[in-house]
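Enquirer: If you're matching positions, the sequence shown starts at 436 in our numbering and goes up one per residue.
Hints were generated in silico from the structure; no laboratory data involved. Accuracy of the hints is not assured; some may be wrong.
Claimed, not checked - Distance condition first, Cα-Cα at most 20 Å in a straight line; then the derived SDA-like pairs of lysine to any residue:
{"no.": "1", "residue 1": "Lys487", "residue 2": "Lys515"}
{"no.": "2", "residue 1": "Lys487", "residue 2": "Asn460"}
{"no.": "3", "residue 1": "Lys467", "residue 2": "Ile503"}
{"no.": "4", "residue 1": "Lys476", "residue 2": "Glu444"}
{"no.": "5", "residue 1": "Lys487", "residue 2": "Ser472"}
{"no.": "6", "residue 1": "Lys487", "residue 2": "Leu465"}
{"no.": "7", "residue 1": "Lys487", "residue 2": "Thr459"}
{"no.": "8", "residue 1": "Lys476", "residue 2": "Tyr447"}
{"no.": "9", "residue 1": "Lys467", "residue 2": "Glu444"}
{"no.": "10", "residue 1": "Lys515", "residue 2": "Leu441"}
{"no.": "11", "residue 1": "Lys487", "residue 2": "Asn437"}
{"no.": "12", "residue 1": "Lys467", "residue 2": "Glu499"}
{"no.": "13", "residue 1": "Lys476", "residue 2": "Thr513"}
{"no.": "14", "residue 1": "Lys467", "residue 2": "Val518"}
{"no.": "15", "residue 1": "Lys515", "residue 2": "Pro468"}
{"no.": "16", "residue 1": "Lys467", "residue 2": "Phe500"}
{"no.": "17", "residue 1": "Lys515", "residue 2": "Glu444"}
{"no.": "18", "residue 1": "Lys467", "residue 2": "Thr514"}
{"no.": "19", "residue 1": "Lys476", "residue 2": "Asn460"}
{"no.": "20", "residue 1": "Lys467", "residue 2": "Ser512"}
{"no.": "21", "residue 1": "Lys467", "residue 2": "Asn437"}
{"no.": "22", "residue 1": "Lys467", "residue 2": "Leu491"}
{"no.": "23", "residue 1": "Lys467", "residue 2": "Arg502"}
{"no.": "24", "residue 1": "Lys467", "residue 2": "Ile445"}
{"no.": "25", "residue 1": "Lys515", "residue 2": "Thr461"}
{"no.": "26", "residue 1": "Lys487", "residue 2": "Val518"}
{"no.": "27", "residue 1": "Lys467", "residue 2": "Asn451"}
{"no.": "28", "residue 1": "Lys467", "residue 2": "Tyr447"}
{"no.": "29", "residue 1": "Lys476", "residue 2": "Leu440"}
{"no.": "30", "residue 1": "Lys487", "residue 2": "His464"}
{"no.": "31", "residue 1": "Lys467", "residue 2": "Asp484"}
{"no.": "32", "residue 1": "Lys487", "residue 2": "Thr461"}
What the hints assert, rightly or not - Computed spacing ranges between beta-carbons, pair by pair:
{"no.": "33", "residue 1": "Glu499", "residue 2": "Gly470", "range": "23 to 31 Å"}
{"no.": "34", "residue 1": "Pro468", "residue 2": "Tyr510", "range": "21 to 29 Å"}
{"no.": "35", "residue 1": "Asn505", "residue 2": "Asp474", "range": "27 to 35 Å"}
This one's a predicted model, so the numbers in the text were calculated from it and none came from an experiment. Ideal placement from N, C-alpha and C gives every residue a C-beta, glycine not left out.
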Amino acid sequence: MNIVLLEPEIPYNTGNIGRTCVATNTSLHLIKPLGFSLDEKQVKRAGLDYWKDIDLYVYESFEEFVRINNNPIIYMSTTKANVW
Numbered sequence: 436m437n438i439v440l441l442e443p444e445i446p447y448n449t450g451n452i453g454r455t456c457v458a459t460n461t462s463l464h465l466i467k468p469l470g471f472s473l474d475e476k477q478v479k480r481a482g483l484d485y486w487k488d489i490d491l492y493v494y495e496s497f498e499e500f501v502r503i504n505n506n507p508i509i510y511m512s513t514t515k516a517n518v519w
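Put together the whole structure using the sequences plus the hints.
Expert: If you want it as structure tokens, here you go:
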């Protein structure tokens, strides 16, 4: 399984998701632009000592993610949609 964050903005949330990925042996894919630097202490603090163990992939764009991962089947979830 893979978790993909499209343009994540909050370093603390990304760190928490990263920690969950380590616990569940799940890869974390981040698609730029990021609203923070991966070096920020908030990301590492939220990920605690697990951040170094994350199976992390970073992409420049959604198109790059799709191309590199051979048009994967994607299930999306968002809090930003206007339609149910």
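Enquirer: Confirm or reject each hint.
Expert: Hint check results:
A hinted pair counts as satisfied when its Cα atoms are at most 20 Å apart, and Lys487 with Lys515 does not qualify at roughly 30 Å. Of the pairs offered as hints, the one joining Lys487 and Asn460 holds, with about 13 Å between alpha carbons and a cut-off of 20 Å not exceeded. A C-alpha spacing of about 15 Å is found between Lys467 and Ile503, which places the hinted pair at or below 20 Å, so the restraint holds. Between Lys476 and Glu444, the direct Cα distance comes to roughly 15 Å. Compliance with the 20 Å bound is thereby established for this hinted pair.
A hinted pair counts as satisfied when its Cα atoms are at most 20 Å apart, and Lys487 with Ser472 qualifies at roughly 15 Å. Between the alpha carbons of Lys487 and Leu465 the distance comes to roughly 15 Å, so the proposed pair stays at or under 20 Å and holds. Between Lys487 and Thr459 the alpha-carbon distance is near 15 Å, which keeps this suggested pair within the 20 Å criterion. Restraint check for Lys476 and Tyr447: the C-alpha separation of about 9 Å stays at or below 20 Å, so the hint holds.
Pair hint Lys467 plus Glu444 holds up; C-alpha atoms about 10 Å apart against a cutoff of 20 Å. The suggested pairing of Lys515 with Leu441 holds, with an alpha-carbon distance near 12 Å, which does not exceed 20 Å. Between the alpha carbons of Lys487 and Asn437 the distance comes to roughly 17 Å, so the proposed pair stays at or under 20 Å and holds. For the suggested pair Lys467 and Glu499, the alpha carbons sit about 10 Å apart, so the restraint of at most 20 Å is met.
Restraint check: the Cα-Cα separation between Lys476 and Thr513 comes to about 26 Å, which exceeds 20 Å; the hinted pair is violated. Under the criterion of a C-alpha separation no larger than 20 Å, the hint pairing Lys467 with Val518 is inconsistent with the structure, at around 25 Å. About 17 Å separates the Cα atoms of Lys515 and Pro468, which keeps this hinted pair within 20 Å; it holds. For the given pair, Lys467 sits about 10 Å from Phe500 by alpha-carbon distance, which is consistent with the 20 Å threshold.
For a cut-off of 20 Å, the pair hint linking Lys515 to Glu444 stands: about 13 Å separates their Cα positions. About 18 Å separates the Cα atoms of Lys467 and Thr514, which keeps this hinted pair within 20 Å; it holds. With a CA separation close to 23 Å, the supplied pair Lys476 and Asn460 exceeds the 20 Å bound. With a CA separation close to 17 Å, the supplied pair Lys467 and Ser512 stays within the 20 Å bound.
Using a Cα cut-off of 20 Å, the hinted pair Lys467 and Asn437 holds, with the two alpha carbons roughly 17 Å apart. Simply put, Lys467 and Leu491 have alpha-carbon atoms about 13 Å apart, close enough for the 20 Å limit, and the pair holds. A hinted pair counts as satisfied when its Cα atoms are at most 20 Å apart, and Lys467 with Arg502 qualifies at roughly 15 Å. With a CA separation close to 13 Å, the supplied pair Lys467 and Ile445 stays within the 20 Å bound.
For the suggested pair Lys515 and Thr461, the alpha carbons sit about 24 Å apart, so the restraint of at most 20 Å is broken. At most 20 Å may separate the alpha-carbon atoms for a hinted pair to count; Lys487 and Val518 exceed this at roughly 38 Å. About 18 Å separates the Cα atoms of Lys467 and Asn451, which keeps this hinted pair within 20 Å; it holds. With a C-alpha separation of about 16 Å, the suggested pair Lys467 and Tyr447 falls inside the 20 Å cut-off, and the hint holds.
Straight-line distance between C-alpha atoms of Lys476 and Leu440 comes to about 19 Å, which keeps the hinted pair within the 20 Å bound. Of the pairs offered as hints, the one joining Lys487 and His464 holds, with about 15 Å between alpha carbons and a cut-off of 20 Å not exceeded. A distance of roughly 24 Å separates the Cα atoms of Lys467 and Asp484; the hinted pair therefore is violated under the 20 Å criterion. Annotation: proposed proximity of Lys487 to Thr461 holds, straight-line Cα distance about 14 Å (limit 20 Å).
The supplied range of 23 to 31 Å is broken by Glu499 and Gly470, whose beta-carbon atoms lie about 18 Å from each other. The hint said 21 to 29 Å for the Cβ distance between Pro468 and Tyr510, and at roughly 23 Å that hint holds. Between Asn505 and Asp474 the Cβ separation comes to about 30 Å, which falls inside the hinted range of 27 to 35 Å.
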